[in-house]
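Number of protein chains: 4
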Amino acid sequence: MSWNSFGRLLRLTTWGESHGPAIGCVLDGCPPALELSEEHIQRFLDQRRPGTGRNVSPRQEPDRVRIMSGTYEGRTTGTPIGLLIENVDARSKDYAGLPPRVGHADAAYEAKYGLRDPRGGGRASARETAMRVAAGAIARLIIQEVSVAARVMEIGGEPNPERWDRLLDEARANSDSLGAVIECVATGVPAGWGAPIYAKLDADLAAACMGINAVKGIEIGEGFAAGRASGRASRDAMLASGIDGGISTGQPIRVGVAFKPTSSIGIGGRHDPCVGIRGAPVVEAMVALVLADHKLLHRGQCG
Amino acid sequence: MSWNSFGRLLRLTTWGESHGPAIGCVLDGCPPALELSEEHIQRFLDQRRPGTGRNVSPRQEPDRVRIMSGTYEGRTTGTPIGLLIENVDARSKDYAGLPPRVGHADAAYEAKYGLRDPRGGGRASARETAMRVAAGAIARLIIQEVSVAARVMEIGGEPNPERWDRLLDEARANSDSLGAVIECVATGVPAGWGAPIYAKLDADLAAACMGINAVKGIEIGEGFAAGRASGRASRDAMLASGIDGGISTGQPIRVGVAFKPTSSIGIGGRHDPCVGIRGAPVVEAMVALVLADHKLLHRGQCG
Amino acid sequence: MSWNSFGRLLRLTTWGESHGPAIGCVLDGCPPALELSEEHIQRFLDQRRPGTGRNVSPRQEPDRVRIMSGTYEGRTTGTPIGLLIENVDARSKDYAGLPPRVGHADAAYEAKYGLRDPRGGGRASARETAMRVAAGAIARLIIQEVSVAARVMEIGGEPNPERWDRLLDEARANSDSLGAVIECVATGVPAGWGAPIYAKLDADLAAACMGINAVKGIEIGEGFAAGRASGRASRDAMLASGIDGGISTGQPIRVGVAFKPTSSIGIGGRHDPCVGIRGAPVVEAMVALVLADHKLLHRGQCG
Amino acid sequence: MSWNSFGRLLRLTTWGESHGPAIGCVLDGCPPALELSEEHIQRFLDQRRPGTGRNVSPRQEPDRVRIMSGTYEGRTTGTPIGLLIENVDARSKDYAGLPPRVGHADAAYEAKYGLRDPRGGGRASARETAMRVAAGAIARLIIQEVSVAARVMEIGGEPNPERWDRLLDEARANSDSLGAVIECVATGVPAGWGAPIYAKLDADLAAACMGINAVKGIEIGEGFAAGRASGRASRDAMLASGIDGGISTGQPIRVGVAFKPTSSIGIGGRHDPCVGIRGAPVVEAMVALVLADHKLLHRGQCG
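Residue numbers (full-length UniProt numbering), protein chains in the order written: chain R, 1 to 303; chain L, 1 to 303; chain E, 1 to 303; chain P, 1 to 303.
Among the hints, a few may not be true.
Only part of the chain R face toward chain E is listed, based on derived beta-carbon distances under 7 Å [unchecked claim]: (1) Leu9; (2) Ala33; (3) Met153; (4) Gly157; (5) Pro161; (6) Gly188; (7) Arg299; (8) Gln301.
Label pairs and their computed distance ranges (CB to CB) [to be verified]: (9) Pro161/L with Pro100/E: 56 to 66 Å; (10) Arg66/E with Ser37/R: 48 to 58 Å; (11) Ala233/L with Arg66/E: 56 to 66 Å; (12) Pro252/P with Glu162/E: 45 to 55 Å; (13) Arg43/E with Gly114/R: 51 to 61 Å; (14) Arg232/R with Gln144/E: 29 to 39 Å; (15) Gln47/R with Pro161/L: 22 to 32 Å; (16) Ala149/R with Ser147/P: 54 to 64 Å; (17) Glu39/E with Arg43/L: 19 to 29 Å; (18) Gly114/R with Glu39/P: 49 to 59 Å.
Source of the hints: derived by calculation from the structure; they are not laboratory data. All values reported here derive from a predicted model rather than from experimental measurement. C-beta atoms are modelled at their ideal positions from N, C-alpha and C, and glycine is treated no differently.
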């Protein structure tokens, strides 16, 4: 199967390969009358853009987003919002003729479909996450009462940011790569969002973040530490839990996300020594999409 | 919102409160002609049953499952399978008049719905997971090429099983509780199950397990260790990864699940010192449901 | 496939065979705090009950509905509502050993699944519609501003009600059966319910009614007459249209439904000479379910 | 709500307004390895193109479709297929400043969303159906064993094709418009497609066709004639029914569709005297999409 839609009332559908003519998405179910401009979306896209920092892949995509539908005179109309980014810097020659790469989805796609687009990871490329970031920028307009912010907590197991640059330089020099742990906190979520039993807010957040390329672990609130604690010791943490029974409590919601090291060790393509660094805006976007969806769901049943 | 259905082609819908007349479920989309008996389901239910071990809550429910529909002469017919378990030992007096409990969903449900069934956790009770175990037993019939087995890896941070009984005794004596980490491994999954981009096998597994009561963290494969490693160091783990790009590779799939300590510290109800112990059969059931669903999805598009 | 769920935010899942131990359903997504009793549902069930009129099949089912979950002290809690009706008068001997019946789903089920429950039509029996009527009674509580009423317009092509009894007596005497046309009108629907482009209110009503056993045709508003008219001649009808572009306009909504004649000509089972007569409460229920779902959907996005 | 996706395993999502920069769609879930070219899709688009006959609106859109994703070297890859058609001839001046038009969705959209794109019907324009025709062309590749063909049966109530040109000329001269009845027949559908109870093949076909602009009535098989017949009289028709209990029988499947007359009487925009004529390719496309989806669904559960 192929399943390129996400969400229940606010539904994101993405399309496009890394080295095709363009990538795009449709965001359906967005409320009407929200002010929306290409500049607003572009601001968030620029945050994830490769080539804006020393430690990220130097692919020089301008990534100019175009709003193709769903707005009129600068406001959403309630109809589906089509977004499109042309692929202007797709150098597929780096990949031509390469066998399926270890730790990439290449072999898995081939096993599933019997054939694949070999250019730059095709559909499995991290480039698809640009559309998540774009859609997440729109989701933020739906939940203006909420603040969603992610930051890098660890690189290669190192929690001290002062040592990260040196670690990354070493990794690059050695054609090595490093894992990262990202933390995203949502504050301002009112009590009552979320849906028992099979659309719990934490379960939806877990699916949203585990679906990001290279992610291997998810924690909500106390996370694995709680799995290693006693009830007395973690009582304070439980009192401050942002989600109980799958429903928001009004407290801040914490999501921890583990990114594995880049898989593309020593091949000719353009790659980051630590993909997790670029993961933070994507995690934010997915968290914003989940929260916006649940705001609409809650209003539908209980509004 | 309320969202009590799970799955895409194989869809589980559960209903029932802890202290109502019964709990039940509907499993829709099951293939026809599978041999199915109440005894088969009962075997798996008995594994999770409270009161079968020293360290689990002494509620003495027989939990006799009845197949209400969807079979004829011992075989599935392809129509929805209705299951039902009567609640015969629901002593709600333990709970009457109690305020919302810390770390339970009580307050969250009240914030969401404005009212709640206060008896024994109502819909949020772990009793609902009996229907997941029952449905998981049927899912196993769909994926007979796969073996799914979960076991406790840590209790209260202690990885040595020989010390667990003493830890649990101490916790019980102190009205304390302990977290646990469960590991579930699925072997025999052929390459090609899973669905990019928003129904990735790992994302669906994460949602399935994060939706289990008291779960706070999920790992797939190398998990958080990968977030703290370098690419060279984790290269072997990546070669053996059970899921790439959201699609199974044919290698064993590992899911790690962190259960927080029981929340009901020192109240009158019947509770386990470590709910994680009873979590293992539920994790197995959810993993089996996800895999069976993806087998059908894969056959639908690529069969 | 098997697909026994209906609706988007208000979701009905039904289960059960005509001659199994019981039939049941789960209604998920119902708003909290609505007053709901078994008596309320029973009133609507009694309207569709066989054996209450001269011209309907004499099966003497009491059809006592039980609320199994989702309410507390007489009010909905927002959690899934489980309903159950035991099958107390299932005489399957009438059907034993019979080959697949012409005009029934018997052969189609056998072609699809390779086997079937042969007792009384199994899952395809009209008995399943009892759960739709029960769920429709709950849906009405969600849309108390709306009145939904269906009535028989034609029997065997005869629009004059005074002649229906004689037609039915003749059909019964001749072991013949008659088609019927039902009209359902919903008044009080505010402007704005419905969802372009693929959940249009009229499209959802069409699916809901076409899914009722024996239904072969659906009209919305002017219906087939509009297909045979000119724009000038039907201008007044268009001005009064209850649905434009898939969205309610505030005018009454008219649904016309054609039921084919009973298929069971001259066999030993218990059958009505005109199943369409019993169809009216089922049409009402499906219309109420669709409208309630769209009220919640509209509130979710635009509330 | 806004709901711009259609289908269960084969899912079409469309976007775009009549007078925006482009319209487009995503077709997700298509099996891999099917030969697919822009020319194949273009052939079907050209059939519905306005301006190709005397009796259809003279808007001269080339409607050149581009495949944006989902294929590699001329074959589908199993990933989402993005299609795009630029709007090159959108003269919105015809519509500027006009109040909501009678019989159009204008007022309904305004009631729902509080604002709307007033240019040429915006999202509600029949132009959106171009994407259905394009997607339907791909669906046909999935069901190559099936032939789907629609034709006009009546115009303005007149069944004799020889009189249609004169009727249309008169309507145009009088600024009037005419309804039409279309019939679509699918042959070659094997027995067993369809899904009881709430995804019956006939119910899905009804929703698919009722969702086409201007459609007001749907018949399956014998249709309203069955509602006016006796069982004996219609016995032969029942024996040849293409769908029983929501499941295909192997016989041809007939769908009748009633289109109301064009609403835009005497306004300045470019309109057809009989929109039903252009409806035939859209009906074919929707029928093909439903059948392809059910082929995949059937293979998923019963394959």
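- Could you tell me which of the hints above the structure violates, numbers in ascending order? As far as the earlier hints go, 2, 3, 4, 5, 6, 12, 14, 15, 17 and 18 are violated by this structure, in ascending order.
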